[in-house]
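Chains as they are written, first to last, in the working numbering: chain A, 1 to 347; chain B, 1001 to 1562.
Hints in this document: simulated from the structure, not taken from any laboratory.
Possibly wrong hints are sitting among the right ones.
As the list claims (entries may be wrong) - Below are the DSSO-like pairs computed for lysine-lysine, each with C-alpha atoms no more than 30 Å apart in a straight line: (1) B:K1298 with A:K121; (2) B:K1479 with A:K80; (3) A:K337 with A:K321; (4) B:K1277 with A:K12; (5) A:K70 with B:K1450; (6) A:K12 with B:K1450; (7) A:K70 with B:K1479; (8) A:K80 with B:K1096; (9) A:K28 with A:K110; (10) B:K1450 with B:K1479; (11) A:K214 with A:K121; (12) B:K1196 with A:K80; (13) A:K214 with A:K70; (14) A:K183 with A:K258; (15) A:K70 with A:K121; (16) A:K110 with B:K1479; (17) B:K1349 with A:K12; (18) A:K121 with A:K234; (19) A:K110 with B:K1100; (20) A:K21 with B:K1479; (21) A:K311 with A:K254.
To be verified - Residues on chain B that point at chain A, a partial pick, calculated with CB under 10 Å: (22) G1072; (23) M1076; (24) G1170; (25) L1172; (26) P1177; (27) T1178; (28) A1183; (29) R1184; (30) S1189; (31) T1192; (32) I1193; (33) S1250; (34) D1252.
Claimed, not checked - Residues from chain B that keep clear of chain A, each with C-beta distances beyond 12 Å, as calculated: (35) V1029; (36) D1176; (37) L1179; (38) E1180; (39) E1181; (40) L1190.
Glycine residues also receive a C-beta, built at the ideal position from the N, C-alpha and C atoms.
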Amino acid sequence: MSYVRLVNVTKKFGSVTAVDKLNLEINKGECFSMLGPSGCGKTTTLRMVAGFEDLDDGEIHVGERLLSAKRRNFYVPPEKRDFGMVFQAFAVWPHLSVYENVAFPLRLRKLSSQEIDARTKDALEHTNLLHVANDSPDSLSGGGKQRVALARALAINPDVMLLDEPLSSLDPHLREEMRFEIKDLQRHYGFTIIYVTHDQSEAMALSDRIMVMKNGVVQQIDTPFNVYTHPANKFVFSFIGLSNFTDVAAEDAKVYVKGSDLILPYSGEERGGLFTMATRPSEIDFVAEGGLRGEVVRRTYLGDIVDYSIKVGEQFLRVQKGRNDVRLNEGEICGLKFKHPFWYDAD
Amino acid sequence: MPVMKRRSFGVPEMLLFLSVAILVIVVAVPVLLILYTSFFVDGHFNAGQVMSILSEPDIYEALLNSLFIASGTCIMSTFIGTLFAWLVVRTDLPYKGFMKTLFLVPFMLPSFIGAIAWKMLLSPRSGYINILLMDLFNLEEPVFDIYGYGGIMAIETMYLFPFVFIQVCGALERMDPTLEESARISGASLLTITRKITLPLMAPSIMSGALLIVLYSMAHFGTVAVLGMENGIFNIPVLIYEKIHQSAGSFDSIRAGTVMAAVLIVSAAFIIWLQNKVLSRGRYQIIAGKSFRPMEVKLRGLRIPLFIFCLAYIGFTIVLPTVTIFLVGGLSTYGVDITWENLSLDNYKFILFEWDLTRDAIWNSVSLGLGAAVITMFAGVMISYVIVKMQVRGKGILEFLGMLPFSVPGSVIALGVILAWSGKFGINLYNTVWIILVSYIARYMAFSLKANSAALEQVHDSLVEAARACGAGMGQALKDIVLPLVRPGMFAAFFLIFLPAMRELTVSIMLYAPTTRTIGVAIYTLNEDGETVLSAALAGIALIIIVTGQSVIKYFQNRKAG
Ligand SMILES: Nc1ncnc2c1ncn2[C@@H]1O[C@H](COP(=O)(O)OP(=O)(O)OP(=O)(O)O)[C@@H](O)[C@H]1O
Ligand SMILES: [Mg+2]
């Protein structure tokens, strides 16, 4: 049942089209991530949902409510949308105590003072902040400040929670911890999350579905598993996980590594001329007999993983193997077998 | 590890010693002499005498007036400065960038020239606006009277509000816009956000600007001197000037002067202390890391009216007085109608090429300005270098002394310099141009220290270390790495000193002799003597020099940036 709906949403800044004809349906209670490189329009999309940006085309609905519509020049202002939102730079108010930060949205809603107190304490409790309620947020660490921001967003018990890179100001260890906290909070409160990040592992870990964007255009919307195993195009393939791209050429119904006479096993649709094979370093096996012949030019230990650079014809491939798998030495000739190669048109 | 041989007195110690010596001689000794003279009688501490001097009616009144005028000016400037800052940073006011530049123009205009211009416009008897309104509406009585507390506060506000404006603009621009956006998404309307989030977060900046205005207004001479005389309104600096001038150096009046100067020193120190406290208490971490365009408040129906209001404000406070000065400077006698027939360049020619008094004044100001700027610039580089970059024992003293120039008002410096350089220590510079030079150096040291430390702080230590690691000696590293990097600071310091020196009044008025008038003194005394048109013409020439200088700086700064 789709809850948040974006129809043909477009936003331009001068000559830059930040978001281009975006159609999107997000289910109630879903955790939906927007993923993409810097400047691809994630924040702009989120800010349009929040109401901070007007649209250049399209409409935004949440449930039965129309929130933004270019054609009718109709915009519900951000303060009337009843969303929770968390920003990258914490944005907690240093002149108010932790308690007052969290109580702020409740006080604006003309609730009884008992109810304000109860709901503030509830939000503080679920974010483990009760013991610092009367402190200034400036005395908290980055993680603490971000919890205050979360608690403040939770306090009104919103149906939709907008998160714009909420964890990217934190150090890596804390980041992983907070992911689970956000997930737990969602389970408890049941809100719908729209989550912006450029960190693919964060998106994979948190989300029910991921949208990958590039230059304001949607590339793929699917579950983390499908985005990884069935990337819609070369860009998605390269953006999620590690990737090898090998230029290949078809000739006489055979597919060669470009610039060599090495033949690749090919089972896709019929193609001619130049195109590209995409493989993941972890999905290449070394085989003693047959396979694509290559030479080990560099071997690097990355803890549990051994990273090889293999020269195939004039090109290089990365292969990653477990610490306990077969070990090859630099200079050795090996055979490569590709588990799930993808084939894309050449650029 | 090789053990370094400890030198007990090397180059760093020598630089420190020199820096301390300069600050002690130029700033500390005059201030100490004032405090000593006011609290010690015949070598004995005597606080009772201080109290009895402070309770003399005229001194008491000057104190109250200083406080009253400073408070009024502070309130008005804070209100106007905050409003305009908010308008040009946070709203969709048209031509915001340009408006912001215009609001900073009063910074470079001398307020006593503004006061003279407003006197020409709004004096009850002969002010052009009053006459115009009386003619227009057939009134018997003039509408405005500039010669009162209201007039004085209004004129001071016109020239001082940029201190609040610039502080608040900076704070608003640096503020992380998501602080406001998160209030908005929490359900707060723009008005609530401004009240509950923006203003409280700005409070330290607003307060600090407001305190600066109290400091400057209490120590401000020109406006009160020009406009207060008529109704007998005077503040501390004006009374100090009168005491020193009229009583020809009698000890009693010098002592009365030093007691008042001591009051200024103490209040200045208190204000600076308070300002540091406000700023450090309220130094919230509100600086944006990665920022978007801040939220813009849509003024909607008020957009055009507010824009017109801003334009009118600029027209009234900048354009009108400036035009008045130039026009009156072209008249043959003050009071005749401003018509084409009555206007000529005769006064300007007379002032520039014929009259020794004004030619001397221009020459004095230019040479004093150049001399003070060059000396202070080099001294400032050295002192800032020791403070910012060097690790020497005893640097704390220098840091303390370096704070002094920021807080010593002009009339205090002038009086202190008189005490120190009138033969007490075997050197008598009184009535020479040198005493003015010494006082300019003391007065403008703060600017030089500020500009140079700002430039030096940008030079990371590792740059010098990298050069030395490459084999450059300390001297080589200074010459090739540090000097090019501090040049912008020195350049800025030069103009920050030269231009204000061209229009200086507070200090020079206390120190001038018949042949050592500066431009400011000449404009002021001509105006006092009723030579209104000549005074206006000279003021016009001063404005041209200042504006040209500003344009030169702008040109070089833009060229560096672009
Ligand atoms: N207020 C604005 N004015 C002009 N251009 C803007 C504005 N906001 C965003 N843009 C442009 O729109 C495009 C999309 O920006 P957006 O901030 O949505 O990217 P993003 O995906 O959030 O990137 P990041 O990962 O860096 O946060 C960029 O090219 C950006 O420069
Ligand atoms: Mg972003």
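Outcome of the hint check:
Of the pairs offered as hints, the one joining K1298 (chain B) and K121 (chain A) is violated, with about 36 Å between alpha carbons and a cut-off of 30 Å exceeded. Straight-line distance between C-alpha atoms of K1479 (chain B) and K80 (chain A) comes to about 61 Å, which puts the hinted pair past the 30 Å bound. With a CA separation close to 13 Å, the supplied pair K337 (chain A) and K321 (chain A) stays within the 30 Å bound. Under the criterion of a C-alpha separation no larger than 30 Å, the hint pairing K1277 (chain B) with K12 (chain A) is inconsistent with the structure, at around 46 Å.
A hinted pair counts as satisfied when its Cα atoms are at most 30 Å apart, and K70 (chain A) with K1450 (chain B) does not qualify at roughly 51 Å. Of the pairs offered as hints, the one joining K12 (chain A) and K1450 (chain B) is violated, with about 43 Å between alpha carbons and a cut-off of 30 Å exceeded. Our distance criterion of 30 Å between C-alpha atoms is broken by K70 (chain A) and K1479 (chain B), whose separation comes to about 62 Å. Of the supplied pair hints, the one linking K80 (chain A) and K1096 (chain B) holds, its CA atoms being roughly 29 Å apart against a limit of 30 Å.
Annotation: proposed proximity of K28 (chain A) to K110 (chain A) holds, straight-line Cα distance about 27 Å (limit 30 Å). In summary, the hint linking K1450 (chain B) to K1479 (chain B) is supported, as the alpha carbons are separated by about 22 Å, within the 30 Å threshold. Note on K214 (chain A) and K121 (chain A): the hinted pairing is violated, with a Cα-Cα distance of about 41 Å set against a maximum of 30 Å. Restraint check for K1196 (chain B) and K80 (chain A): satisfied, since their Cα atoms lie roughly 18 Å apart, inside the 30 Å limit.
A hinted pair counts as satisfied when its Cα atoms are at most 30 Å apart, and K214 (chain A) with K70 (chain A) qualifies at roughly 23 Å. Restraint check for K183 (chain A) and K258 (chain A): not satisfied, since their Cα atoms lie roughly 46 Å apart, outside the 30 Å limit. For a cut-off of 30 Å, the pair hint linking K70 (chain A) to K121 (chain A) is broken: about 40 Å separates their Cα positions. Between K110 (chain A) and K1479 (chain B) the CA atoms are separated by roughly 66 Å; this puts the pair beyond 30 Å, and the hint is violated.
At roughly 59 Å between alpha-carbon atoms, K1349 (chain B) and K12 (chain A) are farther apart than 30 Å, so this suggested pair is violated. Distance restraint check for K121 (chain A) and K234 (chain A): the Cα-Cα separation of roughly 48 Å exceeds the 30 Å cut-off, and the hinted pair is therefore not satisfied. Between K110 (chain A) and K1100 (chain B), the direct Cα distance comes to roughly 39 Å. Violation of the 30 Å bound is thereby established for this hinted pair. For a cut-off of 30 Å, the pair hint linking K21 (chain A) to K1479 (chain B) is broken: about 59 Å separates their Cα positions.
This hinted pair checks out: K311 (chain A) and K254 (chain A) have alpha carbons roughly 21 Å apart, not beyond 30 Å. Interface restraint check for G1072 (chain B): the shortest CB-CB distance to chain A comes to about 28 Å, outside 10 Å, so the restraint is violated. Given the 10 Å rule on beta carbons, the hint for M1076 (chain B) is violated: about 26 Å separates it from the nearest Cβ of chain A. Hint status for G1170 (chain B): violated, given a least beta-carbon distance of 17 Å to chain A, over 10 Å.
Using the Cβ-Cβ criterion of 10 Å, the hint placing L1172 (chain B) at the interface with chain A is not satisfied: the shortest such distance is roughly 15 Å. At its closest, the beta carbon of P1177 (chain B) sits 9 Å from a beta carbon of chain A; the interface hint therefore holds under the 10 Å criterion. Interface restraint check: T1178 (chain B) against chain A, minimum CB-CB distance 4 Å, threshold 10 Å, status holds. Checking A1183 (chain B) against chain A: minimum C-beta separation of about 7 Å stays under 10 Å; hint holds.
For R1184 (chain B), the interface hint holds, since its Cβ comes within 10 Å of a Cβ in chain A; the closest pair sits about 5 Å apart. Proximity of S1189 (chain B) to chain A holds as hinted, the smallest CB-CB distance being about 6 Å (cut-off 10 Å). With a least beta-carbon distance of about 7 Å to chain A, the hint placing T1192 (chain B) at the interface is held under the 10 Å criterion. For I1193 (chain B), the suggested interface contact is upheld, since its CB lies about 9 Å from the closest CB of chain A, less than 10 Å.
With a least beta-carbon distance of about 54 Å to chain A, the hint placing S1250 (chain B) at the interface is violated under the 10 Å criterion. The criterion of a C-beta within 10 Å of any C-beta in chain A is not met by D1252 (chain B), whose closest approach is roughly 52 Å, and the hint is violated. With a closest Cβ-Cβ approach of about 43 Å to chain A, V1029 (chain B) is found to remain outside the 12 Å limit, as its non-interface label requires. Not every Cβ of chain A is farther than 12 Å from the Cβ of D1176 (chain B); the closest lies at roughly 6 Å, contradicting the non-interface assignment.
Not every CB of chain A lies more than 12 Å from the CB of L1179 (chain B), the least distance being 5 Å, so the non-interface label is violated. With a cut of 12 Å on Cβ distances, E1180 (chain B) falls inside the contact zone with chain A, its closest approach being about 9 Å. A cut-off of 12 Å between C-beta atoms contradicts the statement that E1181 (chain B) is not in contact with chain A; the least separation is 6 Å. For L1190 (chain B), the non-interface assignment is contradicted: its Cβ lies about 8 Å from the closest Cβ of chain A, within the 12 Å cut-off.
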